[in-house]
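Q: Take 969 as the starting number for the sequence shown in the working numbering and just add one per residue.
Heads up, a few of these hints could be off.
[Stated by the list, open to error] Here are the computed lysine-lysine pairs in the DSS-like style, where the Cα-Cα straight-line distance is at most 25 Å:
hint: 1; residue 1: K1079; residue 2: K1064
hint: 2; residue 1: K1190; residue 2: K1178
hint: 3; residue 1: K1064; residue 2: K1033
If you are wondering where the hints come from, they were derived from the structure by calculation, not from laboratory data.
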Amino acid sequence: MTPVATSPMALPANPTLSQRFAALERGQKMRLAVGVALLVAVILAAVLMNSKTEWRVLFSGLSDKDGGAIVAQLTQMQVPYQYTEGGGAIMVPADKVHDIRLRLASQGLPKGSVTGFELMENSRFGATQFQERVNFQRGLEGELTRSIQALSSVQSARVHLALPQQNGFFREQQKPSASVLLSLYPGRILDRAQIAGIVHLVSSSVPEMKPEAVSIVDDTGKLLSQSPDGAAGQEGIDTQQLKYVQQIEAQYRQRILDILEPVVGKGNIQAQVTADVDFSQSEQTSETHTPNQAPDTGAVRSQQTLESTNPGPAGPTGIPGAVSNQPPGPNAAPINAAAQPLAPGVPQSLAQAQGQGAAPLSTRKESIVNYEVDKTVRVVRAARGAIRRLSAAVVVNQRTQADARGNVAPVPLTQQQVDQMTALVRESIGFNGDRGDSVNLMNAPFVVDAKEDESLAFWQQPAVQELARDLAWPVGAVLLALAVLFGVVRPVLKAMQAPPKPQFSALLDDDLELGLAEPVKKGPRVQERQLEEARKLARENPAAVAGIVKAWIGSNKDEMALLPQNPNAVVN
969 MTPVATSPMA LPANPTLSQR FAALERGQKM RLAVGVALLV AVILAAVLMN
1019 SKTEWRVLFS GLSDKDGGAI VAQLTQMQVP YQYTEGGGAI MVPADKVHDI
1069 RLRLASQGLP KGSVTGFELM ENSRFGATQF QERVNFQRGL EGELTRSIQA
1119 LSSVQSARVH LALPQQNGFF REQQKPSASV LLSLYPGRIL DRAQIAGIVH
1169 LVSSSVPEMK PEAVSIVDDT GKLLSQSPDG AAGQEGIDTQ QLKYVQQIEA
1219 QYRQRILDIL EPVVGKGNIQ AQVTADVDFS QSEQTSETHT PNQAPDTGAV
1269 RSQQTLESTN PGPAGPTGIP GAVSNQPPGP NAAPINAAAQ PLAPGVPQSL
1319 AQAQGQGAAP LSTRKESIVN YEVDKTVRVV RAARGAIRRL SAAVVVNQRT
1369 QADARGNVAP VPLTQQQVDQ MTALVRESIG FNGDRGDSVN LMNAPFVVDA
1419 KEDESLAFWQ QPAVQELARD LAWPVGAVLL ALAVLFGVVR PVLKAMQAPP
1469 KPQFSALLDD DLELGLAEPV KKGPRVQERQ LEEARKLARE NPAAVAGIVK
1519 AWIGSNKDEM ALLPQNPNAV VN
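Kindly generate the complete structure, drawing on both the sequences and the hints.
A: What follows is the structure, given as structure tokens:
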């Protein structure tokens, strides 16, 4: 008699979990164990990650003195801490950062390596004037350093002041000066406005200090400050002047595009303008005098008149001889002298002079008149940034036209159209031939660049890759847990909860033990095929079927309910 295969252990009506697990096959038990182990590992990893302490920077860039004081205070407060690589920062648990900062601030930590005017509060009794002056200078340097470090781009700063001692006996007093050393954060820069702000901050804090006396240097040794008059820096180029030239060229270029794009279309024109700008400052003084004017029309500035009369030398008088050499006698008084009649036509003064023998008079008259001189003094100061010359180059794309066959070919512009466009360009930029302006307009076909777009794909962008790296572990853990749950645990649980298979069907499936010619192919009509095979087996080997039925009855009477009520349904 052919041995009969033993069937799996039959389950009671209400099996327990251990009975269900014991009823599983060996392979199902192994899959269930592996799935549970993987699920526990995923859950344990997630718990460990969530319970891992997150550290955050408490303070960075501290001096050794402040760092030691803060570490000692953290140890006293029993707060765990650790150092970053290189010891540049102190890190504490993220949930305690703000609380620890407030508690340390209440104790005056960190004090910082920069000291200000608090030096004056701790002045010693009996300090000399020199020591007080040095402490004042150190305090002023510290206050300026704190103010500069308040800028967002400045990591650290040092300020050096040169304050000469004022003396009233010197005619020329030395002026104070300052030097500032800046250390910026990586990737940060200071623009011209910020540098000018630092210069004026320092110069305004020190009496009689001019802005040009402040020098600013970065940690690479590059001079950042420039003189207020816009002088060039170390490279010999003023960035403000270059920016001004670029703005002028951009404005003229936009004028050309605005006037020609409506004619030729957008994208069919390219223009470049070069401006020669004069940044030199010149001053011209001229004085012009008007021609001499008539005396009656000119304005009198000053007038001087000089008149003088001098008598001539006395000549010989009387009759020649000895009588004339005698001195004259006393003159008779006019009241007693008899008046002698004058000859007609002879003046009395002349007659007296002739009578007295006197010489004729000498008269001089001098007049000096100064008139205002008309003149014009003109002082011309040339404005900086004047345009000395403009050069414009314009390229216009050729028009496209389809022929009779439908082929599109470029068509050049006529010479008249080119001349008209050139005239428009000249008028738009204010062409001036006297200063040497030039305009060149060319009509040529544009070459279409068939180069593919080299822009990064969405998945290659840095932001997307960084997001993917951040979500890789959580998403992977969730997917692994779902795979274990639905691929291993769920099928095993279904198998444990499924009702036991009828022993008769198991017998029919075990074709190797019953001597079937070939395995029974399961399909949509599996029950019909199983019944047909059972009938065939009962007809060919009725003794084996009877033995199987007896074994069923002896092993478990409860399985009889699964057999057909009518035996003819199987053996017919």
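Q: Would you mind marking each hint as holding or not holding in the structure?
A: We went through each hint and held it up to the structure:
| no. | hint | in the structure |
| --- | --- | --- |
| 1 | K1079 / K1064 | holds, 21 Å |
| 2 | K1190 / K1178 | holds, 21 Å |
| 3 | K1064 / K1033 | holds, 23 Å |
Of the numbered hints listed earlier, not one is contradicted by the structure.
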